[in-house]
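What follows is the residue order along each chain.
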Amino acid sequence: MAARPARTVNAIDQTRRMLSLVTYLRERPGARIADVARAFGITEDELVADLDLLPMCGTSFRGGDLLDIDTDGERIWWHNPAALGEEAAEPLRLAADEATALLVAARAVSTLPGLRESDRQALLRATAKVEAAAGEAAGASSRLSVTFESEGGVFADVDRAISERRRLWIRYYSPARDEVTEREIDPIRLVSVGHTYVEAWCRRSEARRTFRLDRVAEIRILDEPSAPPVMELRDLSEALVQPAAEDPEVVVEVGPGGRWVAEYYPHDSADELADGGLRITLRTPDPASLRRLALRLGADGRIVSPPELAESARAAAAEALAAYDTAV
Amino acid sequence: MAIAKAERLMNLALCLLGTRRPLSKRELRESIEAYLEAGNDDSFNRMFERDKDDLRELGLVIETVENMDGEVGYLARRDSNRLPPITLDAEEAAALGLAAKVWQQARLAGAASGALQKLRAAGLPEDVDPYEAHGALEPRIPVHEAAFEPLMLACRDRRPVVFEYRKASAARPEPRHVEPWALECWRGHWYLAGFDRGRGAERVFRLSRITGKVRSRGTGFTAPVPDVVTVRETVAGWAGEIADRSALIRLRSGAGYPLRAKAVKVRELGDGWDELEIPYGHGLDAWLVEFGPDVVVLEPAELRADVVDRLRAVAKG
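First to last, the sequence lines map onto chains F and S. When you number the first sequence by the UniProt record's numbering, it's gap-free, plus one each residue, and the end is 328. When you number the second sequence by the UniProt record's numbering, it's gap-free, plus one each residue, and the end is 317.
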């Protein structure tokens, strides 16, 4: 289920990379494996796999030699750079997909509120240059766009606290409990996956937590230094909230009008029902927090289990209705 | 052992880039080991056509020319394949390095890295670590929807598509025939804007509601593509963020922070309740019901009735 870009050997990506690699290596006799891997954004193993393959390649029809490239494990040597004519070694123009991928991402990042102004300017300059160099290939990039949502002021404060290694005080809204609580957090990093979050060590709960920036009601940078414990950074690309296996199970049945629940709540299973609805099984550390969901669903769904949760939603609705009977 | 496809593609690319005259299929077959081993003509021809398509996807411009003997030949001219001169400073390079890492989708992640690698080959400075340069920011573009890639290609190539689409409240999916214009990611979800042939009008689709495969159907668009496609406005309307009226509610003190954050006016009533004037758009009734007994709708009567209906449905169990 990893959403991480596939690291399996992909012949297209590898060919693309090797075509750039020969141009790059031709200019740099004795280049270090570690440096080249970093410049190309690949692992040293991937680079070595490319170096194993390149000696099988060449412009053979012209009677030219195969590329005589080898490595001593540290540096890369190319013994017959002339095997690739001057012309065949020139950098290649960008493909439409390459221009689209880079330009759409660059435009999205440049709209992030809180991005340092100098970085934004650099990105805008780079985007314009790449657009110009891509020429026609840049055209299709307008058919794809991405907007990151984040609260500018909060973002800037968190970003500053991280770079200055300072603690933050926040008032944070938790929708599950409909309450705003004060916390001191030691920020670790900002993550944008649709919404923007700060991952931090929460000193109140003494645990790692992610906070959505648009739920931060108030923020202050404190004078105390930030001192999060050393932690391994998780891959947050799949989901920020990953329910644990031991969390209690909740079963919800929704009609066609409640199918959106399966889109918004990570779940273990969603089985089709005869009426076009779904039976959704999910886990949450705090089932009471789903009372909001039960209330929101109205006629479009109901909590099957646990029964206490279903009952608490019924009771809340009855109590709310009472106010309408008595009010004018 | 079969020869790796990357080796075959690389050899074909180098042959086509290195030649000054068109090379015939026969010549290419003789000079590339993988083609010699390809077996019969049929399997070679299929392999060769696929390989040419793959190289074109990588951006290679391959020309098909007839030579003097009337034989078809192929070449990739340097003039049409050379990257125009581009000079980027270290800061610009670091910024692009950050941007190239944001895709969570394999095809686009590969394409973005490929773009950066071509720029590296052209001399893009590489001494700055993008994460060092950009502090703690880690933007990611999530792509979980299977329909994304075929629709991205269809938008790129302006190809009409057919897919099964289940509207938010519909029990069954229905086939839709769409001329796709643009894809937009907003709040972590992907949307497609296009011309819906069945409805004869512009429509916006949420990719997670597309079921089954996206298929190409027919060629060419019948409706003009607008200069500006407004996915976000349409989706904001669905989400109730376009409010044209206002509502008056009572809210228990201390509760409902997001309602307070949106309120136009707040008045303390003093008995443990506040009175709020809030924007009233699509979906407000469902949102207010979430707050249970902490919210009472005062006006308008229509919203009050909607909320009471919803509460009755829940109370009934």
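Treat each hint with caution, since some may be false.
Claimed, not checked - List of simulated lysine to aspartate or glutamate pairs, EDC-like, C-alpha gap at most 16 Å:
no., chain 1, residue 1, chain 2, residue 2
1, S, K5, F, E311
2, S, K52, S, E63
3, S, K167, F, E164
4, S, K5, S, E49
5, S, K167, F, E319
6, S, K167, F, D300
7, S, K316, F, E319
8, S, K25, S, D53
9, S, K316, F, D300
10, S, K5, S, E63
11, S, K316, F, D52
Treat the hints as calculated values from the structure; they're not laboratory data.
Status of each hint after checking the structure:
1. Using a Cα cut-off of 16 Å, the hinted pair S/K5 and F/E311 is violated, with the two alpha carbons roughly 61 Å apart.
2. Distance hint between S/K52 and S/E63 is fulfilled; the C-alpha atoms sit about 10 Å from each other, no more than 16 Å.
3. Our distance criterion of 16 Å between C-alpha atoms is broken by S/K167 and F/E164, whose separation comes to about 48 Å.
4. Proposed proximity of S/K5 and S/E49 is supported: the alpha carbons are some 13 Å apart, at most 16 Å.
5. Between S/K167 and F/E319 the CA atoms are separated by roughly 33 Å; this puts the pair beyond 16 Å, and the hint is violated.
6. In summary, the hint linking S/K167 to F/D300 is supported, as the alpha carbons are separated by about 15 Å, within the 16 Å threshold.
7. Pair hint S/K316 plus F/E319 holds up; C-alpha atoms about 12 Å apart against a cutoff of 16 Å.
8. At most 16 Å may separate the alpha-carbon atoms for a hinted pair to count; S/K25 and S/D53 meet this at roughly 15 Å.
9. At most 16 Å may separate the alpha-carbon atoms for a hinted pair to count; S/K316 and F/D300 meet this at roughly 13 Å.
10. With a CA separation close to 22 Å, the supplied pair S/K5 and S/E63 exceeds the 16 Å bound.
11. At most 16 Å may separate the alpha-carbon atoms for a hinted pair to count; S/K316 and F/D52 exceed this at roughly 70 Å.
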